[in-house]
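Model the full structure from these sequences, guided by the hints.
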Amino acid sequence: MIYYDLHIHSALSPCSDDDMTLNNIINMACLKELDLIAVSDHNSLKQLKFLKQLANNKIDFLYGVEIQTKENIHVLGYFYNDFYLENIQSYLDKHLIKKINNSEFYGNQIIYDENDKIIGYEKYLLISCLDQSLEEVIEVIHQFQGKAILAHVKRKYGIIAQIGTIPQQLEFDGIEINQEKDRDELFLEYPFLKDKICLINSDAHHLWSINEAEHYLNEKEYNLLKGR
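Numbered according to numbering that gives the first Met the number 0, the sequence shown terminates at residue 227, and the numbering increases by one at each position without gaps.
Hints were generated in silico from the structure; no laboratory data involved. Positions of the beta carbon are idealized from the N, C-alpha and C atoms, including for glycine. A hint or two may mislead.
[What the hints assert, rightly or not] Label pairs and their computed distance ranges (CB to CB): (1) 138 - 163: 14 to 24 angstroms; (2) 219 - 89: 27 to 37 angstroms; (3) 55 - 116: 16 to 26 angstroms; (4) 92 - 26: 24 to 34 angstroms; (5) 116 - 141: 47 to 57 angstroms; (6) 22 - 163: 40 to 50 angstroms; (7) 227 - 169: 37 to 47 angstroms.
In C-alpha cells, the structure reads:
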C-alpha cells in the first residue's frame, strides 16, 4: 500500500499560507508517514524546480498541477518525470487569461528556492482560467505523458458542479473525491468510473491540512501514475 496526498498547494498558489515551502511540505508529509506526494499548484509548475533535489531519499513524488479550464473546471495533471515540465509551463503561460494578482485580497504567490529563500513572485493571478476547453487540457496532459484527474468532482469547480455530469466519452484517467462515501454514490451513478483511478486528496493550502496516512494506492494505480 502506498499512502499518498497528491493535491498539496505550495505558497505559489493564492490563498495558501506563506510557509508552504517545498521543505515544509516534504517534512510534514514525512511526519505524517506518507509515501507519495504531489505539489499541485494552480496553473503553474514554477515551484517544482527543486522538488526532485529536496524529496530525494525522503519521499516519493509526482509533479503536479491544477489546471482551470475555460469552463471553470479544475483538472489535476500528474507527471512522473521532469522531461516536459518546461513545455507544460510554456503552455500554461501562453493560455492563462492574464489578470494581475491583488496580493492583499488573494494572497502572495511566492516562489522559493531550495533553502526557503524567496526568489520571485508570480505576477499574474493563478486562479484565473485558461482559454482552453476541458477536452483540450486533457489532450495536452496526455501529450506530455501525464495523467488527467478530474479534481474534487462534487465540489465547486468540479465537473459535476460546472456541467452537471461526467461524460463517459471524456478521455480522462481518474477522479478526485473528498470522502469515501462519495465513491459508492458516484460508482452507482457513473459505473464506468470503476475503471478509473479514484483519489482522496487533501487539497491542502496549510501544512496542518496535509493528509494523514489513511488513503492508499494499490500497486496497479501507483504504476499507472508513475508511467509504468
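- Kindly confirm whether 40 to 50 angstroms is satisfied by the beta carbon distance between residue 22 and residue 163. 41 angstroms, holds
- With 47 to 57 angstroms as the target window, see if residue 116 and residue 141 comply at their CB atoms. Taking Cβ atoms as reference, residue 116 and residue 141 lie about 36 angstroms apart, which means the hint is violated.
- Starting from the hint 27 to 37 angstroms, judge whether the C-beta atoms of residue 219 and residue 89 obey it. 32 angstroms, holds
- Message: The hint says 16 to 26 angstroms between residue 55 and residue 116; measuring C-beta to C-beta, is that right?
- Response: At 19 angstroms between Cβs, range holds.
- Task: Given the range 24 to 34 angstroms, decide if the beta-carbon distance of residue 92 to residue 26 lies inside it.
- Result: 30 angstroms, holds
- Query: Is it true that the C-beta distance of residue 138 to residue 163 lies inside 14 to 24 angstroms, as the hint says?
  - Reply: 22 angstroms Cβ-Cβ, so the 14 to 24 angstroms window holds.
- Task: For residue 227 and residue 169, compare the CB-CB distance with the range 37 to 47 angstroms and indicate the outcome.
- Result: 24 angstroms Cβ-Cβ, so the 37 to 47 angstroms window is violated.
Of the hints listed earlier, those the structure fails to meet are numbers 5 and 7, in rising order.
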